[in-house]
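Bring the two chains, given one by one in their own frames, into a single complex with the hints.
If you're matching them up, the sequences are chains A and B in order.
Taken in order, the first sequence gives residues 1 to 67; the numbers are from the numbering used here.
Taken in order, the second sequence gives residues 1 to 345; the numbers are from the numbering used here.
Derived from the structure by calculation, the hints contain no laboratory data.
There's no promise every hint is true.
The calculated lysine to any residue pairs, modelled on SDA-like cross-linking and capped at a C-alpha distance of 25 Å, are [to be verified]:
| no. | chain 1 | residue 1 | chain 2 | residue 2 |
| --- | --- | --- | --- | --- |
| 1 | B | K142 | A | G58 |
| 2 | A | K2 | A | I61 |
| 3 | B | K199 | A | K2 |
| 4 | B | K19 | B | S245 |
| 5 | B | K142 | A | T64 |
| 6 | A | K5 | B | D336 |
Computed, partial: chain B to chain A, Cβ under 7 Å [claimed, not checked]:
| no. | residue |
| --- | --- |
| 7 | P119 |
| 8 | P127 |
| 9 | F134 |
| 10 | V172 |
| 11 | S197 |
| 12 | F203 |
Ideal Cβ positions, reconstructed from N, Cα and C, are used throughout, including at glycine.
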Amino acid sequence: MKVPKRKLVFLAIGSLLILQFVLLLVYSYLYEINQAPFQINYDPLTAFLISWILFCIGIVILITMGR
Amino acid sequence: MRRRTRDLLHNRFAAFVAKKVVFYLIVAFVAMTFVFFITHLMPGNPVDRMIASLTSGGPGGGQTYLKLKAQLMDYFGLNKPLFEQYLIFWRELFTLNLGPSYPINYPQSVLSIIILRLPYTLAIVIPVLLLSFFLGNWIGAKAAYAGGKRSELVYFFSVFSNRLPSFWFGMVLVFVFAGVLKIFPGYGLASLGTMSSWKLSYFLDVLEHYSLPFITLFIIYVGGWATGMRSMVTHEMDSGYVRYSEQLGFRKNKLMSYAERNAILPQVTGLNLQLNALIGETAILEIIFGWPGIGKMMFDAVGADDYMLIFGGFMVIMVVVILGNFLIDILYGFIDPRIRTGGRQ
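With the rest of the complex left out, here is chain B (with noise of 0.2 Å):
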């Protein structure tokens, strides 16, 4: 036992993970201060939009309205000290109470709110980067194969696609498949009067609604990979093992395997920052695209100052971010053995 926990100690992938582990609470950690100030110091109150929507106006004035605010705010828990509030906040987050959404949702609560919206984005976030990853990266690998005009071609393209704006992109496309070609709906999640049920048809028209979306990112994010694929693979190439082992006779597809191997090393990399980047835009497509994920969720819950909708919205983007920047660091360890067997003798 105690041989073992020396060996877990001294390898050097055990205190990799270790590493990532405290940073990431670090980072949570920071992350989350951060919004609970943010959103707090925040011009209105979250009260105030609650009392105007109960009385279908203004906040109004008088004393019956700053009575019924006074109740509310210590109902609410908002005229205590901002640190005794920032104090409850982490109480209430270690043990998953978020309490009630307040203003728009009241009295749904925010954990209820979040469970049902976070399957909506990780059905575009996971396909478009796992897909887009693959396909992006055979595209790059055979450009660079191919070389001459071909490899061009693909890396204009690829470049272009990359660097396009994904709000624009995604209008555009709405322009054209749901406007001009009218092939796609051009937003929300099934056509108007459907309800939800198990029948075949309904999946199909909400796969149709989700199309678009996903369309949008998976070119941007195809071409991206694409781009750096083909650079690496080039550069892969043209080093010296790949040239030693042509000239010791290896066939042309055991020399690609192995610059193929070398070359995603980088990619992996890459995936953390794009993750953190697709989830971004994705909760900016959901709003053009009316895709009622966390992101639409968000934009709703900032316009009304629901101040726990928005923690909750941000704790959960943010453990997605974390967690699977976590799982790729794990990956990166086991495609690179340099990383899985260091340390070991």
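Just chain A, same shape as in the assembly (with noise of 0.2 Å):
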């Protein structure tokens, strides 16, 4: 079955959105655990808060776009 370009287009945004919040996820408990393989100089609330507007908004272009 042949997969329209803009509904795979869509799939991999949406998929990034979500993976960039994970990936935080997981920076942070690295972290946490002092296993952080590099410093981030940005504060730490606003990208999280930001992170979590990505996300969200990648669910929903999974949920629309990309079915």
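Below, the structure written as structure tokens:
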């Protein structure tokens, strides 16, 4: 079955938006156990909130356009 | 090139977008003018507040006080005629130079405070709007298909949750979940004594504090969407094209998808209205839950006669509302092909 190109693009965008939030949580876990591979010089809370907003947008994109 | 320009001018969707842009620019102009004059006609003076906070007491009197007041009025440009202040305000607004926040946060710039606070408000508004829209519409559509008692039950709970006043419902949830059950914290951004860091435990702590304002608005808005969608799908399922397709032997899932697509259009139009209402309700809930977003910032600014912070707050809310409405208008064009392809041969 051929998947339309537009659908694939939305699927990719939605997945990336979800992935960035997962990565942020993984990074914060590694940071907590002092195993973070690098330092991020940005306000943690702002980064977390923006990441959460993007995560929600990603879920919506996946549900609506990537189905 | 000329043909493309001509096509663009004849494209109804382009004309629709252009009309919206002009309309929203007028809305922005009128709203900012109102905000300027309302705040300047308010009783009280930010300079008096500033002197009071500097001297840890009342405004006092005497020559020193009057001299200091005159100097500060001159420094902040408050002794100029109101219309001149209005023109200066527009000049500063276009250069995004909103000046310092005074008297409460002096000498922090208004823009830096707003940039810091905006993600807190958006972190509630955007997820609540998007997630409640999808869950509410899904619940409403399922209820309409199910029919009978289940549909009535969903309708009852949807109307009930949608009609709850957010400030009251928020306090009820604080009482139940924070006071009695002690599952969620009821106030603030994070537990007392915690420092902002990249630790997972800190993020989880913030999420715990975020839960109650989010749940409050989410329940209210899910109800609203579910009520609308249930009615719309019920209406669509009764329409001629669905009945005809049914007679032709279309599968039930296909019929549902047709009905749902048509039923969602008025719901998308409703997104504009809900976004506007949601921003207002979020501002109130921020005060109740101590969530440090734009709403709480403006509440503090109004109490302290901080003109520029009030302007900044209103400006940001206005930009968010206008941008949101504009995006929803464009989205509507994409969802409804009649608007997108209108005028194209």
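Subject >> Given hint B:P127 near chain A, where the shortest CB pair must fall under 7 Å >> reply: With a minimum Cβ separation of about 4 Å from chain A (threshold 7 Å), the hint on B:P127 holds.
Original post:
Within 25 Å, alpha carbon to alpha carbon, are A:K5 and B:D336?
Top reply: 21 Å, holds
Subject >> Hint check, B:F203 versus chain A [nearest Cβ-Cβ separation less than 7 Å] >> reply: This hint holds: B:F203 lies near chain A, its Cβ roughly 5 Å from the closest one there, short of 7 Å.
Original post:
Within a Cα-Cα threshold of 25 Å, do B:K142 and A:T64 meet the stated pairing?
Top reply: Judged against 25 Å, a Cα distance of about 17 Å means the pair holds.
Original post:
Does B:V172 meet its interface restraint, that is, does its C-beta lie within less than 7 Å of any C-beta in chain A?
Top reply: 25 Å, violated
**OP:** Using 7 Å as the Cβ threshold, decide whether B:S197 counts as touching chain A.
**Re:** 6 Å, holds
**OP:** Take a quick look at whether B:K142 and A:G58 sit within 25 Å of each other, Cα to Cα.
**Re:** 24 Å, holds
Original post:
B:K19 and B:S245: Cα distance at most 25 Å?
Top reply: 38 Å, violated
**OP:** Take a quick look at whether B:K199 and A:K2 sit within 25 Å of each other, Cα to Cα.
**Re:** Not OK: B:K199 and A:K2 at ~43 Å, beyond 25 Å, violated.
Subject >> 25 Å Cα cutoff - pair A:K2, A:I61 >> reply: With Cα atoms ~20 Å apart, A:K2 and A:I61 stay inside 25 Å; holds.
Original post:
With a cut-off of 7 Å, does the beta carbon of B:F134 approach a beta carbon of chain A closely enough for the hint to hold?
Top reply: For B:F134, the interface hint holds, since the closest Cβ of chain A sits about 6 Å away, which is under 7 Å.
Subject >> Status of the B:P119 interface restraint (C-beta, 7 Å, chain A) >> reply: 4 Å, holds
Taken one by one, the earlier hints fail for this structure at numbers 3, 4, 10, listed in ascending order.
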